[in-house]
Amino acid sequence: MLKRILLTITWPALILIALTTTGMAAPPVSVQIEPNLVSIGAMYNGAEVVATGEIPSDAQVIVQVTGDREDIVLSEKGKAFGLLWMNTGEVTLYGAPTVYMLYLSETDSSKGSGNAHWRDVGVGFESLRKQITLKSSNGKADLDFDEFLKLKQKEGLYAIHKDALIYGKEEGAIRPFSCKMFMPPRMHQGTYEVTAIVIEDGKVLKKVTEQLKIKRAGLTQFMTRLALNHGTLYGVMACLVALMAGLFMGLVFKGGKGAH
Amino acid sequence: MPHLYLPIAGNSVNVLFIFAVGGAVGLLSGIFGVGGGFLMTPLLIMLGIPPTVAAASDSNQIVGASTSGTLAHYRLGNVDFKMGLLLLVGGVGGGAVGVQIIKILRASGNADFLINITYVIMLGFVGGYMFIESLQSLRKRQVVHTPTRKKESGYGRLIKKLPYQTTFVKSGIEVSLFLPLILGTLVGILSAIMGVGGGFIMVPVMVYLLRMPMHVVVGTTLFQILFTCMGVTIMQASTNHTVDFVLAVILLAGSTLGAQIGAKISRKIAGDQLKILLATLVLLVMVKMLFDLLLPPGIMLSYKGGH
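As they're listed, the protein sequences go chains A and B.
Just so we're aligned, residue 1349 is where the first sequence starts under the working numbering, counting upward by one.
Just so we're aligned, residue 293 is where the second sequence starts under the working numbering, counting upward by one.
These are calculated hints, taken from the structure and not from any lab test.
These figures come from a predicted structure and were not determined experimentally.
Think of the CB as a built atom: it goes at the ideal place given N, C-alpha and C, for glycine as much as any other residue.
Hints are not guaranteed to be accurate.
[Claimed, not checked] Each computed DSSO-like pair below joins lysine-lysine, with the alpha-carbon atoms no more than 30 Å apart:
(1) K1551/A <-> K1478/A
(2) K395/B <-> K1502/A
(3) K1555/A <-> K1502/A
(4) K580/B <-> K1427/A
[Claimed, not checked] To give an idea of the chain B side of the interface with chain A (calculated C-beta under 10 Å), a few residues:
(5) N303
(6) P455
(7) T459
(8) S463
(9) G464
(10) V535
(11) D536
(12) I591
Extracted from the complex, chain B is given alone in its bound form:
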């Protein structure tokens, strides 16, 4: 079995195994059209990679995985650069805050705990949301419903009151400049802490909070994630020295290949049943991590900073 030594993780890994992990997560990503990072980091942690190295190296591989997607959507005209840039500015700022949070928590020995608890909450939220949405979608097929006019929500009225309202032509919406900045910052913080591109958080944020059309959401998310993850990777490398480039390259090779194959499969077998399966997988990962926090650990001591 071919092994490669990971200079930053300080251990060797089976190349084929890590490639397969990258490929499997990329395949799921390609089939379901959602991010793979939120699955990748916990899987790497389960394989014995120190959590902080797993999170930082995953950010690095997301740079490569989102590059080809951004390029394709740019060609199709699905990228709202104005919105993307505002989200990006917020994302980079949030990323810097997130890296500092990790640095402080590493010093106090709580970085792993924060990564784990953030994962449990986010996986629970995304998995639960997807599961419920898929079930509702399945039921809607059987029930004929009459269209009703929706009353504007409190949130809708609130965002209209914010200053510096501006039009985003590509998305066809008018919102305050501050809104994408604030939302970008929040996603950037989570991205740095969790080592994910933020796609699975950003997509619902753009659809439900910014109210952008779905086809523009996908292209703009990829554009924003690409640059956010570049920022996070450089900051993690310079501040915490936790980016393992060798690990990132193996994952990247697997995930980009898996994502492309998955995208082809999705055209043939996409459906709500598959969405439910993915939601179940996400919830299973969440339950595993939750058990790790609730059950007594096998060893009561650990290295500070997750190593």
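Excised from the complex, chain A in its bound form:
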């Protein structure tokens, strides 16, 4: 009888505990991006994309934007004839993302980008250095990676944006966040990953990824296809339009001398 009573009490209690712990193990992590499709039209000058989401109240989040990984072959400058700077070697980077951008909150921004904290969670340029294999004709891999970073940062395709992520007012155990991201015009057509990396006690708790598509549209799409697939036709068309424009201007100004 006593055994029966104990079982009757214990089972619901165990189920209740299990339900509670399951709820705690799966924190309410979510991320949405708006818009998730960016069109490169004739007037395109980059685009703003907003990432919003929710994380547990005692966690932090970093938003990471990455492009496809590819092998990049770059020319390396050196001194030729002991006088002129020109391309003298070659550097190949295997598995380098076309785009690598991080968006940090004010708290995370103070931690820098190269310290142990970021390495532990696998983000930042120091972590990226370990993910990319580099083959250099001069054997100075570390130096070449730094130069590669400079090149990508100058293009605006690799960046760490500090104080770019804002936390909202906590509601119970949930902490909302939002992040305004600018996609530079140099980001070409392709699919990019926007990942919310949730960190708790210095460790990655969860990663949630959404896809961002950038696509050529309208006139830009037409011109690129024509230039790449029908180069001769494109060249003839470009000449004809230039001829017509020149004739038109000549008529407007009643035939000037023009440029040589």
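Knowing the structure of chain A, use the given hints to seat chain B on it.
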């Protein structure tokens, strides 16, 4: 600020800024009566347009800029078609060679270097020549000189020995058919590499090496440049896919307008002082490019093919 996306350059530009660049170069072109292409391409490179795209797109805009000029000179009877066609044949052949040179150099990553070094040499030569010529012209005004009979040079004797001597009625000269072909080829190669019409090279070539009268030189140069640049544009578009039509149209709008305004200004303020100013500008561009080659670059890596 209105922006337009350049599909081939893969970046966006401020329309007004690029229009102003085209207008400023066109204005100088109109005032001084020399080409604008040799200034346009380095300016575009400085603005962050990949060098190969800048050079090819500049060729495209020169097609439009030289069209109105050729038309005007044709009406005035200043175009020697026979000479122009021979220079053109050489120019198209040279253009094809130049495009192939760029293609090979792009593969080896040296295209940008070649464009830069060619510019430094040509800008230095043209700028220096103009500067010295203008100074001499200013001095001649003050010094009364007695005319002396010139002895025929070795070059003069050499060109008379070349085969297939023919008369060019409009220019009033008799030279070998091979001479304009060879000179046209050389200018065509430079034109393809530098993305210029070749006017600033062709004019001294016609005046000093072909010994044509100045009024025919201007009309014939424009005629030859128009077709050479059409050839270069089509070849660059089909071989290297580097012609950015959107960029060319913005530049064209600015340069044709600037050239016409400049031509009107030149009638009022033309003089040797202005020539010296232009020579100084050309030399400054040359010095800037030379420094780029001599000083350590900010970034030691670059994309292959200039992108």
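Comparing the hints with the structure gives:
1. K1551/A <-> K1478/A: holds (18 Å)
2. K395/B <-> K1502/A: It holds: about 26 Å lies between the C-alpha atoms, which stays within 30 Å.
3. K1555/A <-> K1502/A: Holds. K1555/A to K1502/A sits at ~28 Å (cutoff 30 Å).
4. K580/B <-> K1427/A: holds (18 Å)
5. N303: Result: holds, 5 Å to nearest chain A Cβ.
6. P455: violated (31 Å)
7. T459: Interface hint status for T459/B: violated (26 Å vs cutoff 10 Å).
8. S463: Hint violated; S463/B Cβ to chain A Cβ min 18 Å, cut 10 Å.
9. G464: For G464/B, the interface hint is violated, since the closest Cβ of chain A sits about 22 Å away, which is over 10 Å.
10. V535: Holds - the Cβ of V535/B comes within 10 Å of chain A, reaching about 6 Å at its closest.
11. D536: holds (8 Å)
12. I591: Since chain A brings a Cβ to about 5 Å from I591/B, closer than 10 Å, the hint holds.
Consistency with the previously given hints fails for numbers 6, 7, 8, 9, ordered from lowest to highest.
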